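Top line first, the protein sequences correspond to chains Z and P.
Heads up, the first sequence is in the numbering used here, so the first residue is 1 and it goes up one at a time.
Heads up, the second sequence is in the numbering used here, so the first residue is 1 and it goes up one at a time.
Keep in mind the hints are simulated off the structure, nothing from the lab.
Computed from a predicted structure; not experimentally measured.
Think of the CB as a built atom: it goes at the ideal place given N, C-alpha and C, for glycine as much as any other residue.
There could be a bad hint or two in this list.
[Claimed, not checked] To spell it out: a stretch of chain P is covered by chain Z in this simulated footprint if at least three of its residues, at any positions, have a beta carbon under 8 Å from a beta carbon of chain Z; those stretches are:
# : segment
1 : 19-26
2 : 45-59
3 : 67-80
4 : 88-98
5 : 102-108
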Amino acid sequence: MFRNTQKIKDVATLSLNTRDISTLGDVWFRTESIDNEIGTIFQLQSGAVWKNINLYNLLGPEIYNKYNIFRLQLTQYMFNLDGTVSGASFNTNDEEFRNLSMYIYGPNFYNSQYDVKSGNKKSVVHLTNITTQYTITTAQPGGTSSLNANSEYFYDVNETEGMSVFFNKTRTMDIAIRYGPMSEGRYTSVEDTSTTNGVYDFWKAGRSFILKFNIIPVE
Amino acid sequence: MISDSYHISFVLKHSDISTNTAAISASNETGSYWTAGKQYTSYRINMKALCGEMWDKYDTFVLRLNQVSYGEQGGTWALSNRDLLMIVRMSGLNFVNSTYDIKSGNNTGRYNLCLLNIANSNSGTINYGSNISVCNFKKSSDYVDIVLECIRCSDGLPVQYNANVMPHMVYSFDIYPIE
Chain Z
1 MFRNTQKIKD VATLSLNTRD ISTLGDVWFR TESIDNEIGT IFQLQSGAVW KNINLYNLLG
61 PEIYNKYNIF RLQLTQYMFN LDGTVSGASF NTNDEEFRNL SMYIYGPNFY NSQYDVKSGN
121 KKSVVHLTNI TTQYTITTAQ PGGTSSLNAN SEYFYDVNET EGMSVFFNKT RTMDIAIRYG
181 PMSEGRYTSV EDTSTTNGVY DFWKAGRSFI LKFNIIPVE
Chain P
1 MISDSYHISF VLKHSDISTN TAAISASNET GSYWTAGKQY TSYRINMKAL CGEMWDKYDT
61 FVLRLNQVSY GEQGGTWALS NRDLLMIVRM SGLNFVNSTY DIKSGNNTGR YNLCLLNIAN
121 SNSGTINYGS NISVCNFKKS SDYVDIVLEC IRCSDGLPVQ YNANVMPHMV YSFDIYPIE
């Protein structure tokens, strides 16, 4: 296992859960977004926004006042499927839709927005990738059995510290997470709603997803 | 620079409270657990004894989770698969931050220690990278009640177990000071 012996000093943790935006069981079937004062869940489960995250409260005054640049590090994410929903099967034949890229919008990024194709900076940062979902098991992370209609989750423990972005301090910020097929480089997966047994069914059956971040000050 | 000499191991395990894995609840001078076994566990900890001179010398510390482990007891313990997908919340320490609640915009005193997926009928060990689950806490009273609470990711409700087969769990941490 990768093991970095560096010891973090000041740190804060942020958890983003779609459950905080809506607990509606059918949220993932909706063809329109759900939007409220907490955040937004995009139509057909293609991502979510968590609004007005108060960085001052999150970090505490001591860390907020002491630093100006922070590192947002993705440490864990988990997707929950609802086994009671039919059609939760995940297609192992359609590679395009089981190999996704995860993107983040919202923070006042310090860097990392460079777009290779255009040579310019964009407002979105490629955060990580989600691949080989067909090997996910209900037993435990790292298992090898196939995901089936009764399976419940996609889960990962991130063991690299590279999946992070740097951002400038702002009192409040929105954070948006979106997904798109890795092979096509799209930032969203909503264009093709006709896909069956692909990622759309996968996300449709989802009850929630949760992401956990470290926020680490840059000295 | 932080010296490795100021670096202590800290392990919380259900077997310190009771070795009866079939008990729905247990309580003694070490702590307690209840709600069908392991959903809510409280440990009474003497931080001064745990940390030694480090407790007197420093004011702020890092708590780092290294490993969660559980042993097979036979049978399936979760009532549904969603009871296996949980957030483990910790409270009791004087957290500097990391307790932010998205819905309210305020801090709660409860820290999301980790997202945890446990197997329903097998043993398991989850090793965490060195900086996957870390938080800061400040010195408070010498005696604290550290509570670990398992809630479902999908709806925030307590996980539900068949008590007589739910395995005892072990949480391994380390603690080091910030100079």
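Here is what the structure says about each hint:
1. 19-26: violated (count 0)
2. 45-59: violated (count 0)
3. 67-80: violated (count 1)
4. 88-98: holds (count 3)
5. 102-108: holds (count 5)
Hints 1, 2, 3 from the earlier list are contradicted by this structure; the remaining hints agree with it.
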